[in-house]
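K.L.:
Sequence:
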Amino acid sequence: MGTVGTLARFAALPAEHITFYRLFLGSLCLLIYMLASSKRSQILHRPGKRTLINGAMLAGFMFFYIQAMNYTSMANAVMLVYLAPLLSAVFAHFIFKERLAVANVLAIVIALLGFAMMMQFSLAASGAENEILGLFYGVLSLLTYSGFMLINRKPDDSTPYQSTLVQLLVGALCLLPLILASTPDISAAQGLWLLAIGIIPGFIAILCAVKALRHLPAVTFGTLAYVEPVAVVCFAWTFFAESLTLLQLGGCSLIILAGISQGLLTHKAKATAAGIRG
40 MGTVGTLARF AALPAEHITF YRLFLGSLCL LIYMLASSKR SQILHRPGKR TLINGAMLAG
100 FMFFYIQAMN YTSMANAVML VYLAPLLSAV FAHFIFKERL AVANVLAIVI ALLGFAMMMQ
160 FSLAASGAEN EILGLFYGVL SLLTYSGFML INRKPDDSTP YQSTLVQLLV GALCLLPLIL
220 ASTPDISAAQ GLWLLAIGII PGFIAILCAV KALRHLPAVT FGTLAYVEPV AVVCFAWTFF
280 AESLTLLQLG GCSLIILAGI SQGLLTHKAK ATAAGIRG
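For what it's worth, my numbering labels the leading residue of the sequence shown as 40, then goes sequentially.
Hints may contain errors.
Listed next, the in silico DSSO-like pairs over lysine-lysine satisfying Cα-Cα at most 27 Å (straight line) [to be verified]:
#1 LYS78 with LYS250
#2 LYS88 with LYS193
#3 LYS307 with LYS136
#4 LYS78 with LYS88
#5 LYS78 with LYS193
No wet-lab data here; the hints were simulated from the structure.
Go ahead and model the full structure; you've got the sequences and the hints to work with.
P.N.:
Take a look at the structure:
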């Protein structure tokens, strides 16, 4: 997931086009993969309502996040979006009965602290004229991202491949009107970057996210999701010489520590449950 920012900077195209091609080309890659494997029989199926809704959630999350950055600072937009895993874990506690132990809550708090350190504890107003509108779009991105994680977490009759294919296609269709309203010239080099965006953060990343959500509690997936901004910062440091302060490095370490701890807690809980049943 974290590669999309780097690839988008190299592509140098409007954000709505980046998002559309990420979803559309991702769906084409998945379709080709399913046709070339034993999954071809899964392509033609009747998608469930939850899967269709989640496709719109996926497009909405990306679109609202882009809009938020147009009206407020990137720090504000990112901070709001990455409250979604925490919100999802809280919702899952009540909806799916995924109880939050003290250690789980502590891991979430550590991840949030680490992310705040990465942002250098700055949530300053951008000074933009439509700051409130930007924060409104940021809240919408927070809610749609939380909905995406929670709906994928709920059991469904479709396979992860079927669910991912439909969500990618529905998301692309939701963004199609924006693409038709603006058609910039795309060079051959930009086309190659768009193809990379469709394959890596489109096809591979979203399929892995959907498969992970089928097997992991929302609290575990949510904590691990904080590795994404760490990856973004590392890519920016490597490719664009954007340096990290000691505070930001400490934040990265806390996020990774929280993610590893959450995974170990989940493994321990499953092993304990298996021992009780045995």
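K.L.:
Are there hints from earlier that the structure breaks, and if so, what are their numbers?
P.N.:
Result: no hint breaks.
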